[in-house]
Amino acid sequence: MLGHRLFPRAKYSIWVDSKSQFRRDPMGVLEALLWRSNSVLAISEHGARSSVYDEAKAVVRKNKATPEEVEVQLTQYRQDGLPEDKRFNGKKALSEASVIVREHTPVTNLFMCLWFNEVVRFTSRDQLSFPYVLWRLKVLKNINMFPVCTRKDLVNSIGHIRKAKPLIKTR
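So for the sequence shown, my numbering puts the first residue at 25; every next one is plus one.
Hints are computed from structural coordinates only; laboratory data are not their basis. Built from N, CA and C at the ideal position, the CB exists for glycine as well. If a hint is listed, it holds; no wrong ones were tucked in.
Listed next, with one range per pair, are the computed distances between beta-carbon atoms:
| id | residue 1 | residue 2 | range |
| --- | --- | --- | --- |
| 1 | Lys-115 | Val-144 | 20 to 28 Å |
| 2 | Tyr-36 | Asn-87 | 31 to 39 Å |
| 3 | Asn-87 | Asn-166 | 34 to 42 Å |
| 4 | Lys-88 | Tyr-36 | 23 to 31 Å |
| 5 | Leu-30 | Gly-52 | 21 to 29 Å |
| 6 | Gly-105 | Arg-33 | 36 to 44 Å |
| 7 | Asn-166 | Trp-39 | 13 to 21 Å |
As a list, the in silico DSS-like pairs of lysine-lysine whose alpha-carbon atoms are at most 30 Å apart:
| id | residue 1 | residue 2 |
| --- | --- | --- |
| 8 | Lys-176 | Lys-81 |
| 9 | Lys-176 | Lys-88 |
| 10 | Lys-176 | Lys-116 |
| 11 | Lys-165 | Lys-43 |
| 12 | Lys-176 | Lys-115 |
| 13 | Lys-81 | Lys-162 |
| 14 | Lys-35 | Lys-115 |
| 15 | Lys-86 | Lys-116 |
| 16 | Lys-115 | Lys-86 |
| 17 | Lys-88 | Lys-43 |
| 18 | Lys-81 | Lys-116 |
| 19 | Lys-81 | Lys-165 |
| 20 | Lys-115 | Lys-165 |
| 21 | Lys-81 | Lys-115 |
| 22 | Lys-35 | Lys-165 |
| 23 | Lys-162 | Lys-88 |
| 24 | Lys-176 | Lys-35 |
Using the sequences plus the hints, can you model the full thing?
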């Protein structure tokens, strides 16, 4: 999320989730996902759901976060006025976030910092906080929410690698 801080001189970054293996020329990806659509941020849309509230139910059901953690986050988002809409500026608002391509502009850098803050503040499930930050920031309009078929063309899905064994055995 904070690639602009790690690589302050970079104009662009491509982030690929650890469950995926990138298989395309990076310049071609910038061309296809940013430059052709005049976008500053491209992110893969969620393949199964389109609402942050539906995603919250799935997160709890799959034990990716506790019901209490998710409820605290959603309660705050509701109090702030996050709409139940499944679309934002005519686009699907829920991202899968397994591939993120972006130009490092002041607005995208701010967006990523705000998104990071939400992930640290609440659950680590970035899918829950992405629509909220997108809605709150309002000025970030030129986003390419690309479909699952495009993501599948960019990466091979290899699944998350099993967690490493502990260095020290516990009894």
